[in-house]
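Engineer: In the working numbering, the protein residues as written are 63 to 178.
Hints were generated in silico from the structure; no laboratory data involved. Just so you know, not all the hints are guaranteed correct.
As the list claims (entries may be wrong) - Think about it this way: if two alpha-carbon atoms lie no more than 20 Å apart in a straight line, the pair counts; the simulated EDC-like pairs of lysine to aspartate or glutamate are:
#1 K79 x E166
#2 K141 x D170
#3 K173 x E127
#4 K160 x E129
#5 K168 x E156
#6 K141 x D91
#7 K141 x D157
#8 K148 x D174
#9 K173 x D151
#10 K79 x D91
#11 K148 x D170
#12 K160 x D174
Unchecked claim - If you anchor each label on the Cβ, the simulated ranges turn out as follows:
#13 D91 x T140: 37 to 45 Å
#14 G135 x Y85: 33 to 41 Å
#15 I86 x K160: 19 to 27 Å
#16 S130 x M159: 15 to 23 Å
#17 D170 x K79: 23 to 31 Å
#18 G135 x I86: 17 to 25 Å
#19 L66 x N149: 37 to 45 Å
#20 L171 x N65: 13 to 21 Å
#21 G150 x D91: 29 to 37 Å
Glycine included, every Cβ here is placed at the ideal spot set by N, Cα and C.
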Amino acid sequence: MTNLADISRINLAYQLKDGQKIYIPSIHDAEELPTIQNDAGNNILIPDTPTTSNLININTASQLELESLSGIGTSTATKIIEYRNKNGDFQQIEDIMKVNGIGEAKFDLIKDYICV
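Based on the sequences and whatever the hints tell you, model everything.
Structural biologist: In structure tokens:
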């Protein structure tokens, strides 16, 4: 990035997937939300504001983000990442129970804190 990049207006923790593009605004650009472009060329808004949901996206979360969930340790976080790498994105939050080690009790602990 150059010294003209306004990184305060983007979410640096967002993990890009292959084929996505991100526009990093200049410090001289008008105030607008940064976007990421998906494979179809549609813009996906990725705001990084205090009103942004604090939910953890189980399809894109890092090991550390997953470990921040109640009841999810290093081993389980690794299993979640391995599962999604092998099987693709979770379609709904309940799909996380397909991961070995996550049953209904553990799901009940995290269901209000995750999204897809």
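Engineer: Are the hints correct? Go through all of them and say.
Structural biologist: Results for each hint:
{"no.": "1", "hint": "K79 x E166", "verdict": "violated (30 Å)"}
{"no.": "2", "hint": "K141 x D170", "verdict": "holds (18 Å)"}
{"no.": "3", "hint": "K173 x E127", "verdict": "holds (14 Å)"}
{"no.": "4", "hint": "K160 x E129", "verdict": "holds (18 Å)"}
{"no.": "5", "hint": "K168 x E156", "verdict": "holds (11 Å)"}
{"no.": "6", "hint": "K141 x D91", "verdict": "violated (42 Å)"}
{"no.": "7", "hint": "K141 x D157", "verdict": "holds (13 Å)"}
{"no.": "8", "hint": "K148 x D174", "verdict": "violated (25 Å)"}
{"no.": "9", "hint": "K173 x D151", "verdict": "holds (17 Å)"}
{"no.": "10", "hint": "K79 x D91", "verdict": "violated (26 Å)"}
{"no.": "11", "hint": "K148 x D170", "verdict": "violated (24 Å)"}
{"no.": "12", "hint": "K160 x D174", "verdict": "holds (18 Å)"}
{"no.": "13", "hint": "D91 x T140: 37 to 45 Å", "verdict": "holds (40 Å)"}
{"no.": "14", "hint": "G135 x Y85: 33 to 41 Å", "verdict": "holds (37 Å)"}
{"no.": "15", "hint": "I86 x K160: 19 to 27 Å", "verdict": "violated (36 Å)"}
{"no.": "16", "hint": "S130 x M159: 15 to 23 Å", "verdict": "holds (19 Å)"}
{"no.": "17", "hint": "D170 x K79: 23 to 31 Å", "verdict": "holds (29 Å)"}
{"no.": "18", "hint": "G135 x I86: 17 to 25 Å", "verdict": "violated (35 Å)"}
{"no.": "19", "hint": "L66 x N149: 37 to 45 Å", "verdict": "holds (41 Å)"}
{"no.": "20", "hint": "L171 x N65: 13 to 21 Å", "verdict": "violated (44 Å)"}
{"no.": "21", "hint": "G150 x D91: 29 to 37 Å", "verdict": "holds (35 Å)"}
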